[in-house]
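Could you slot chain P onto chain Y? The hints should help.
Number of protein chains: 2
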Amino acid sequence: MSHEVEIPEDHPRQQSLLTRHRIEDGVEKGVTSKQGLIAEGRGEAFDYLLGEATLPSADDAERAAAAQLLLADHAVLSVNGNVAALVPKETVELAEATGADIEVNLFGRTEERMRAIADHLRAHGAENVKGLTADARIPGLEHERGKVDADGIYDADVVLVPLEDGDRAEALAEMGKTEIVIDLNPLSRSPRTAAVPVIDNIIRAVPNMTKHARELADASPEELESIVAEFDREKALNAAERAIRDI
Amino acid sequence: MSHEVEIPEDHPRQQSLLTRHRIEDGVEKGVTSKQGLIAEGRGEAFDYLLGEATLPSADDAERAAAAQLLLADHAVLSVNGNVAALVPKETVELAEATGADIEVNLFGRTEERMRAIADHLRAHGAENVKGLTADARIPGLEHERGKVDADGIYDADVVLVPLEDGDRAEALAEMGKTEIVIDLNPLSRSPRTAAVPVIDNIIRAVPNMTKHARELADASPEELESIVAEFDREKALNAAERAIRDI
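Top to bottom, those sequences are chains Y and P. Using our numbering, the first residue of the first sequence is number 11, and each one after it goes up by one. Using our numbering, the first residue of the second sequence is number 11, and each one after it goes up by one.
Next up, chain Y with everything else stripped away, as it sits in the complex (with noise of 0.2 angstroms):
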């Protein structure tokens, strides 16, 4: 693999082209999966139509993501290729400022992608990766898409999972989980099984969770809960289908 393309600097979407050419990299260390390459393009379709900005409901989301994510018990963020290849650094500081595990957790699962998103976590300030002893599974699913680790994502009552397959999110809502997905596609199964479905760019929405949990960081129990509580999903996932009709 080795068809690079370079980007004329009077290309008019330079930065969108910059992202894309994070997660190739992604690709060449064995982050990102061809899948995931297709999963990114539909996910720049979504955020062309939204506009490429966080929704004023996309923000209140994030701020109950993060007020979610400091009253877990045990939290953990859940991340595949994608998530990897394009915000390694801010997933580890989102960890820090809530508490919360990391686990590495595949559609696609290969013990050689899992090390290297691993390996590409611990390079970016990541101490404890969890998700490669899977000595646990996600009823209802297939064997190897319903892997996770005992002391991970199978004993979390808060999960993160940004990008999620559908499938996957269902079978977490159904173990009582409460779920936090990103996702572009405010129609797709994911964030409709979420608690707190969050229609974002990840580049724009995880650290905007982390800038909120910091701001939350002395907040009491009572405060992080009435947050949680006016949150509302419906009137979010609403709002993101009408900002992508009115294009």
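Hint data in this document are derived by calculation from the structure and do not stem from the laboratory. Cβ atoms here follow ideal geometry from the backbone N, Cα and C, with glycine treated the same way. Among the clues, some could well be false.
Here are some chain P residues pointing at chain Y (derived, C-beta under 8 angstroms) [to be verified]:
hint, residue
1, 32
2, 34
3, 37
4, 47
5, 143
Just chain P, lined up with the frame of chain Y:
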């Protein structure tokens, strides 16, 4: 690159996943680039919003495109990596039905990919594949991106450019060529510069253009001209935009 993903048979969007695997095979063969995979994802998102069906306005555009190709003195179908991966046989059939040439033309041109794509097209029945000579230039584009064959795209009066980059679509239009663009995003620059914008999935659009060309094989130039004249490009672009909004 061996991150194969097994598609569970009960997955809700098996058809779409199979299409993705066809394009991933293109990667294995050196036909599709990493940028091509991302572009495929963008297309999937827009096709999803369009309802994954050919709009009546797109069918009109495909009929007008067929008429335009039949009217041409010299029509050329421009083929990039995704076109070759997704519709190799269908492109050869459209060339046969309209008397058009086929020319490989890439955003990220490398001799290796040019050859892989030409070989792939020949394996699907193409007898004469242009683009490898590259003895002419499209004015206004950087060196690599402007390369075309003097007796191919450079000479053509009608060019089909499916899944084309906006810069090149504009440069071709400025050369006075009649452009037919296939693109799933009605807002992107490429279809907006085209005489005939076809807002449809290339997998549906190319065979449908061939069907129309066969039906119009015995039509007089006057009949073909009236089909072209009756096609309303603004109306077609607006219909596609409305279809995306009405999700």
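Verification of the supplied hints:
1. 32: violated, 12 angstroms
2. 34: holds, 5 angstroms
3. 37: Status holds, d = 6 angstroms.
4. 47: holds, 4 angstroms
5. 143: violated, 21 angstroms
Checked against the numbered hints above, the structure breaks hints 1 and 5 and satisfies the rest.
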